[in-house]
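**Student:** What follows is the residue order along each chain.
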Amino acid sequence: MNLESSTVAASLDAIRAELSRTKLSTSTLNFIVWIDDPNRRDWILERAAKLSRKHPSFTLVLDNTGADGGSATVTTCPRDPESHFTVQGEQVRIDASRFGAEALVEYVTALCPSGVPTLLWWSGIRESSRPAFEALLPLSDTLLVDSSGAVRDESALRLVADFHRARPTVVLRDLAWMRLSPWQDMIANFFDNPALLNELYTIRKLYITSGSASEALYLGGWLASRLGWTASGRDAFTDAQGKEISFSRTIDGEIRRVHSICLDSDTSWYHGEVTEDPTVVSIWVEGDHAREVRLFPLPAIDTASLIERAILEQGPDEMFETSLRTVGTLLG
Amino acid sequence: MTSTLVNPLRKGLVSSRITDPCSIVFFGASGDLTKRMLMPALWNLRLADILPEHYGIVGFSRSQFSDDEFRDAMHEAIDEFSRTGPAKDPLWSDFAKHVSYVSGKFDDPASFATLREALERNDRELGTGGNRLFYLSTPPSVFAAIVEQLDAAGLGPRDNKTGWSRIIVEKPFGTDLDSARALQAEVSKVFDEKLIYRIDHYLGKEPVQDIMALRFANVIFEPIWNRRYVDSVQITAAETVGVEQRGGYYDNAGALRDMIQNHVMNLLALVAMEPPVASDADSIRDEKYKVLRAVRPIEANRVTLDAARGQYDAGSIGGKPVPGYREEPDVRPDSNTETYAAVKLWIDNWRWADVPFYLRSGKRLGHKNSEIAIRFRSLPHRLFGEAGDALDNNVLVMKIQPEEGISLRFNAKVPGPKMHIRSVSMDFNYGTGFGVVSAPAYERLIGDAMRGDATLFTRWDAVETAWQIVMPILDRWLNTIDESFPNYSAGSQGPPSSDRMLAMDDREWRKI
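Chains A and B supply the protein sequences, listed in that same order.
Letter by letter, the first sequence follows residues 42 to 373 of this note's numbering.
Letter by letter, the second sequence follows residues 584 to 1095 of this note's numbering.
Source of the hints: derived by calculation from the structure; they are not laboratory data.
It cannot be assumed that every hint is accurate.
[To be verified] Derived contacts from chain B toward chain A, CB cut-off under 10 angstroms, selection only:
#1 P591
#2 R593
#3 G595
#4 G1074
#5 M1087
Just so you know, even glycine gets a beta-carbon here, dropped at the ideal spot from N, CA and C.
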């Protein structure tokens, strides 16, 4: 339902009246979504709606693209007459371009149920959104960003790294990092054989091809943080013995995806490459420790699933934060 | 396991992958269960990257298949029955390389020698490390023969010097107490109890596992989980399906043996047991066994009062006409087999003294519905409510299928100037609560057996005790013809005799 109101109070009354038509039976979270990029608006709305449908949650979309025409939209999930249970995923979308930061805070505090975690998905790209960000951040338990959501280059990741350096206590999640867990597992799998563990300490070159910079930088940062490498310039690390590991990154293919990796050790080449099925990676080893091709599935990498993981895993993610700090050093 | 601990890249990574390599053998591989459940479960474990890196799958049955024909048949089965849709390349082709087939008889030593060769080939070529998991998805009548042949072929744990050998046994474990004991005697000659995984797929369902979480991970329920606050407990396993293609089996089994003795009794144990001292398999199974031991034996002369049976007649399900039980394929036209069973049990211990547990299960009922309903006692004093207001008892419902979740019914004031009270429901649904779809039970249980986690499998002492509980009813029903059969219409709530059983206690069944 679209509600036209001229003041915050009037629109709050109208929203509350609409929400009261159904009852929220179980609520697991508040999900606040900020959008100011018209190009990504539909993509983000679709995923927010998907999450809203799956979770008994309250989703508040603050749309600063101006596309909402000054209205507030309330979407409630009615009780399914065929089911004893209620799928509750109320969503309120507000044209945030009409309001200042104080009014947005009023919406959040008035509408979001208390006592459940609040996740802020920040997809803002405009500098003018900064006051809204600063106002909404204290109201959230977890900040969710996507450093490869809109851009292929490293600019967004640099902002994330700078933010974490400035405010290390904010519980932060980056979808670009979360997409990498199958790749991390796959790379670790190369070296699960104890006989190959020493290979990890003879890696000299690291090649990653990805659709955006964040994925490659995060994987490099993760390996560095696990293996005691330190960044030495933008394209190299130094290991504990002072030996250099070159880091080659190529941006190619679908954005937000890793396409191939190769780790060169003194004796072998460890390869991983996406197959014609984008959900399957083939891995193989050449050289002294040659192994024939094996296949690895890449499960649960859709954005809604990643957001769910961000919800379920509360508190700081030490591995992510350590890797992010390494990335920050790499970016200078 | 050691390798993952010392690999620095593993630190902080969460992986569900099973670490032990393993070959799994499906006996009865050409059967319905393998096609519908087992192979799709293994495929989905592979898709989720849970299968170990080194694995082999061997089908064994009497049907003649080449390896490729069996793979093709399993590909079709996965395409049709897998929850994740058709199997696609390149992963399917990779998976298929791990699948092979042995055609043989369950009592033929030569067939088991061929099986042994297939497993040794898996060890050599697929790196399965001598670990073997044997899955008996065959009729119970051949369980003992398979176990005997496994031992004779050197495939039992005694001869396995390089890895482990475990066995999964499908229900029913025996057809009565004597046959169950005889089967146990045969199986335990070869496999120690810790190596026997008696599968009851109900235990792999998320809501069943959540019974323990609800009870022992929350402080608010346990204080009222006893005779002081609980009026009665109803456990229901209702199906809309008939016997489908299983008429021959079912007509020799019936609802009491097919459902009550295993699935429903397991639910009773989980809901009534004392808190276990730890969360390991044996601590939990100790408590399940203890509470089953406390179930009061039904005396022969009480069977007609404390149990009810039914058999469905023709009727309609979802608006479609369906035949009566005696008209189903492979069912005797004068069958005395019950398709509905209801039982009232008492648990003679401090927690549950005088609290009746009503158990029921049936086919061709009005709705598919499995649940446990804890009905709490009435208010000691009625303070609120207008004369016409009905003050319902609080009810906590654990929904098992098709919905999965928890519902609590309580009384609340109707908005307005007067103190009208109405019953309302507070619901929690797994799918929406956590945003994930529960994996089918077989995926969880096969994975657990590969890991060596027996928590969700039934131990022999509990199986034996469950048979002891139902035997007086079974004996009575086998030895007396129920002249009222068929006594309920397909699509109904069950036979009137079941309603009368509760009416005698001034109670009634929850609507299915």
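**Student:** Which numbered hints are broken by the structure, listed smallest first?
**Tutor:** Of the numbered hints, 4, 5 do not hold.
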